[in-house]
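*Asks:* Residue strings, one per chain:
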Amino acid sequence: IAGITQAPTSQILAAGRRMTLRCTQDMRHNAMYWYRQDLGLGLRLIHYSNTAGTTGKGEVPDGYSVSRANTDDFPLTLASAVPSQTSVYFCASRPDKTFGKLFFGSGTQLSVL
Amino acid sequence: DAKTTQPNSMESNEEEPVHLPCNHSTISGTDYIHWYRQLPSQGPEYVIHGLTSNVNNRMASLAIAEDRKSSTLILHRATLRDAAVYYCILRAEGGADGLTFGKGTHLIIQP
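Chains A and B are the protein sequences, given in the same order. Just so you know, we're using the working numbering here: the first sequence kicks off at 1 and counts up by one. Just so you know, we're using the working numbering here: the second sequence kicks off at 1001 and counts up by one.
Heads up, none of these hints are tricks.
Pair ranges (Cβ atoms, derived):
#1 R28/A / T1005/B: 34 to 42 Å
#2 D73/A / T1026/B: 31 to 39 Å
#3 S111/A / S1009/B: 21 to 29 Å
No wet-lab data here; the hints were simulated from the structure. All C-beta atoms in this analysis are idealised placements derived from N, C-alpha and C, irrespective of residue type, glycine included.
Using the sequences and the accompanying hints, generate a full structural model.
*Replies:* Below is the structure:
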């Protein structure tokens, strides 16, 4: 059972470059989420999607965009990366009707220099 | 969602029970109490959740105070693999904007 797959596992990126973090799930969950985790700040929600074709902004959406063309994929794009976007990024999904039970991927460690 | 308060860290010995407290004095009637844990270098992992009654599963037990203003996650026999950050989170049913994670409790297990 794959669950949620995130890629890449880690990435070093020059400031100003564009980067897409990939997230794929095989559980047919409608709801998906992107979080970032920074030391001392915990996990913060960036964007979410209730179902394919819809997206919403979380707590810290600036500098990030998402798309949800189908149920399985929920990519996160940094159009022009900045050093403050150095973080660990986690993708998650949620089964229908279980509002508090999220399944998380293993994360992407992103360093913007 | 209402706020939760947890100790920053706790320490316990291997093979002993661990009681992780969480205060949520402003909890509303529709808030479920969820616990997650995050092992080093991994994403958060769901542990257990409940509304009013105590709950048990293969990972842990959740004891909820009668007034629901506090709860305790119980690990019956801690192992070194239980060393993690434990998050107590309140979430009402409905909506789809994820969970709000606080800083959690860093659980240290001594061999």
